[in-house]
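Number of protein chains: 2
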Amino acid sequence: MSLDGYIAGVNDSIDRPIGDNGELLHRWVYELKSWRKAHGLEGGASGPSSDVIAESMDDVGAVVLGRRMFDFGETYWGDEPPFHAPVFVVTNRPRASETKQGGTSYTFVTDGLEAALDAAAETAGEQRLHVAGGADIIRQCIASDRLDELQIHLVPVLLGGGKRLFETSHPPRHLKVDRLIETPDVTHIRYDLRSNDK
Amino acid sequence: MSLDGYIAGVNDSIDRPIGDNGELLHRWVYELKSWRKAHGLEGGASGPSSDVIAESMDDVGAVVLGRRMFDFGETYWGDEPPFHAPVFVVTNRPRASETKQGGTSYTFVTDGLEAALDAAAETAGEQRLHVAGGADIIRQCIASDRLDELQIHLVPVLLGGGKRLFETSHPPRHLKVDRLIETPDVTHIRYDLRSNDK
Numbered sequence: 000m001s002l003d004g005y006i007a008g009v010n011d012s013i014d015r016p017i018g019d020n021g022e023l024l025h026r027w028v029y030e031l032k033s034w035r036k037a038h039g040l041e042g043g044a045s046g047p048s049s050d051v052i053a054e055s056m057d058d059v060g061a062v063v064l065g066r067r068m069f070d071f072g073e074t075y076w077g078d079e080p081p082f083h084a085p086v087f088v089v090t091n092r093p094r095a096s097e098t099k100q101g102g103t104s105y106t107f108v109t110d111g112l113e114a115a116l117d118a119a120a121e122t123a124g125e126q127r128l129h130v131a132g133g134a135d136i137i138r139q140c141i142a143s144d145r146l147d148e149l150q151i152h153l154v155p156v157l158l159g160g161g162k163r164l165f166e167t168s169h170p171p172r173h174l175k176v177d178r179l180i181e182t183p184d185v186t187h188i189r190y191d192l193r194s195n196d197k
Numbered sequence: 000m001s002l003d004g005y006i007a008g009v010n011d012s013i014d015r016p017i018g019d020n021g022e023l024l025h026r027w028v029y030e031l032k033s034w035r036k037a038h039g040l041e042g043g044a045s046g047p048s049s050d051v052i053a054e055s056m057d058d059v060g061a062v063v064l065g066r067r068m069f070d071f072g073e074t075y076w077g078d079e080p081p082f083h084a085p086v087f088v089v090t091n092r093p094r095a096s097e098t099k100q101g102g103t104s105y106t107f108v109t110d111g112l113e114a115a116l117d118a119a120a121e122t123a124g125e126q127r128l129h130v131a132g133g134a135d136i137i138r139q140c141i142a143s144d145r146l147d148e149l150q151i152h153l154v155p156v157l158l159g160g161g162k163r164l165f166e167t168s169h170p171p172r173h174l175k176v177d178r179l180i181e182t183p184d185v186t187h188i189r190y191d192l193r194s195n196d197k
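Same order as they appear, the protein sequences are chains A and B. Mapping of the first sequence onto numbering that gives the first Met the number 0: residues 0 to 197, in sequence order. Mapping of the second sequence onto numbering that gives the first Met the number 0: residues 0 to 197, in sequence order.
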């Protein structure tokens, strides 16, 4: 997320999911060793940010995605998607499940976010459930009080327009900063959502 | 600023400048020793946040305020305002200068932000020029490229609505994090605006 609250630029589309100038928000991740490994790419930089991304994918037993993020990513992710775990897509359009290479499967849940979270949690079992996005699903998950933690990767950019992560009107909620990791390119702020005093 | 980008709640007014639930954003500052001292109050907590606020007021030779922030604050600030330096108010309404107690004076500049910054910079001389707010003035100062640094006090709150610090459409701009100070109540992120690669 940029300092001014955007997670994608204007004019985001299936051809350009991160929108105009979206690379200013996301380029830090593309060169990380852990991100590249998950995407089947060689090389990349080690360090705190690579460790944070590795951690976010470690011990994940299921992933939840919004329909829009899935539509935007499906072609790019290809035959061996970077999730390496069962993925549950919240959508209104029924579609048969698919098994991809590398441990990823896609299951399309048409009866709402709560049902998707329930199915993903059951699949994850003792492992962690990762809600990868997009913005709408993350907001809904916060509102539904089903998240244990929220991690924001705050980049020192004023994007000046685009798709905001937070934009819905709702009652105030106090969070707790659980961990903060600073790098020149991005600040990783992890919030504990279990111990808040709403 | 809250994690979701607000610096005041909804329904902000002269009677309630911080808006509904605005205390969730600002209460960390009220108990700081340095903030209380500037406001003529005894006591308060020492520590990193108090040091950050003390530093923001140290060696300040002039202050610039927007008209709205001035109108909202004037009565509350009273006869000995917390600025302890000459204050230049950007406004459309001519008004005679006033000298208050404790080193504060108010000068009303009616020919625009650049003129106010010029007058304040001349008054400040070798000392620092502090742009205290509100949001509109801060945004205009960033856009006009007249700021050396920007400090965000990021509070772990999802306010859910109110007045945003950043909301104007503009070209993207890359900033540089200069310093980050973490406390349980607030994270102070200072951006260096001089060395950006726009």
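There's no promise every hint is true.
Said to hold, decoys possible - Below, computed lysine-lysine pairings styled on DSS-like, alpha-carbon distance capped at 25 Å:
(1) K162(A) / K32(B)
(2) K99(A) / K175(A)
(3) K162(A) / K99(B)
(4) K32(A) / K99(A)
(5) K32(B) / K99(B)
(6) K175(A) / K162(B)
(7) K36(B) / K99(B)
(8) K36(B) / K175(A)
(9) K32(A) / K32(B)
Treat the hints as calculated values from the structure; they're not laboratory data.
Within 25 Å, alpha carbon to alpha carbon, are K32(A) and K99(A)?
-> Within the cut-off at roughly 23 Å; holds.
Below or equal to 25 Å on CA atoms is what counts here, so check K162(A) against K32(B).
-> Violated, because 39 Å separates the two Cα atoms, which is more than 25 Å.
Distance restraint between K162(A) and K99(B), which requires alpha-carbon spacing of 25 Å or less = violated, 45 Å
Restraint check for K36(B) with K175(A), where alpha carbons must lie at most 25 Å apart = Measuring from Cα to Cα gives roughly 28 Å; hence the hint is violated.
Between K175(A) and K162(B), is the straight-line Cα distance small enough, at 25 Å or below?
-> holds, 22 Å
Does K99(A) pair with K175(A) here, judged by a C-alpha cut-off of 25 Å?
-> Status violated; Cα separation ~37 Å.
Is K32(B) close enough to K99(B), meaning Cα to Cα at most 25 Å?
-> holds, 23 Å
Take the C-alpha atoms of K36(B) and K99(B), compute the straight-line distance between them, and say whether it is at most 25 Å.
-> At roughly 17 Å apart (the allowed maximum being 25 Å), K99(B) and K36(B) satisfy the hint.
Between K32(A) and K32(B), does the CA-CA distance stay at or below 25 Å?
-> Judged against 25 Å, a Cα distance of about 45 Å means the pair is violated.
In terms of the numbered hints stated before, the structure departs from hints 1, 2, 3, 8, 9, listed from lowest to highest.
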